[in-house]
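From just these sequences and the hints, can you work out the full model?
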Amino acid sequence: MQTLTDLKKKLLEVREIQSQLDKKKAVLVETKRQLDKQMKELLQKQSELEKLMARTRQKELQLQSQIELNRTEVQSDAPEVDYLPGAASKNLQNELLALLSGNGNIATRLLKHQQKLNPGRSLDWYLEKVIYDLKRDRY
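Just so you know, the numbering used here puts 100 at position 93 of the sequence shown, and the rest follows in order with no gaps.
Among these hints, one or two may not hold up.
[What the hints assert, rightly or not] Heads up, simulated DSS-like pairs for lysine-lysine below, C-alpha to C-alpha not over 25 angstroms straight-line:
(1) K17 <-> K30
(2) K136 <-> K119
(3) K16 <-> K30
(4) K97 <-> K142
(5) K32 <-> K17
(6) K44 <-> K30
Hint data in this document are derived by calculation from the structure and do not stem from the laboratory.
Right under this line is the structure:
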């Protein structure tokens with residue numbers, strides 16, 4: 008039979024183990040509380056992100072619709088802009104503008120570039136060259 012002293016020692020050991028377990032349990036409870044708080048914050052941020060993504064998709068669709076509408080307007084109504092003085096063919100000018108979606112600035116830049124590369128040609132020649140190059144590069 009165990010002596011009373013041995014039993015007391017065992018009881019103290021059990022109480023010490025119980026105390027250690029209680030401390031570890033308290034740490035685990037606090038860790039769980041912190042993790043729950045972080046999870047709640049993450050869920051809130053996820054919700055905010057989903058809302059932002061939905062607004063972004065809506066804005067993207069609006070912009071795509073606007074681009075398509077503008078593209079349709081440009082294709083159906085290519086403006087006749089006199090960006091070249093003189094006797095240059097209106098048909099060639101309009102064809103070039105149609106290829107460039109009505110952007111006269113790009114047309115002027117391309118024509119000036121050809122004039123630097125091939126000086127002394129007629130305006131119609133420059134128009135035809137730029138149109139030819141654009142069509143060649145697209146297809």
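CA of K44 to CA of K30, is that 25 angstroms or under? Distance of about 21 angstroms is within 25 angstroms: holds.
Decide if the proposed pair is consistent with the structure: K16 and K30, CA atoms, cutoff 25 angstroms inclusive. holds, 21 angstroms
Is the straight-line distance between the alpha-carbon of K136 and that of K119 25 angstroms or less? Cα-Cα ~12 angstroms, so holds.
Taken at face value, is the distance from the CA of K17 to the CA of K32 at most 25 angstroms? Holds, at roughly 22 angstroms.
Given pair status - K30, K17, alpha carbons within 25 angstroms: Roughly 20 angstroms separates the two Cα atoms, so the pair holds.
Would you check the hint for K97 and K142, treating anything up to 25 angstroms between C-alpha atoms as holding? Roughly 19 angstroms separates the two Cα atoms, so the pair holds.
In this structure, none of the earlier numbered hints is contradicted; all agree with it.
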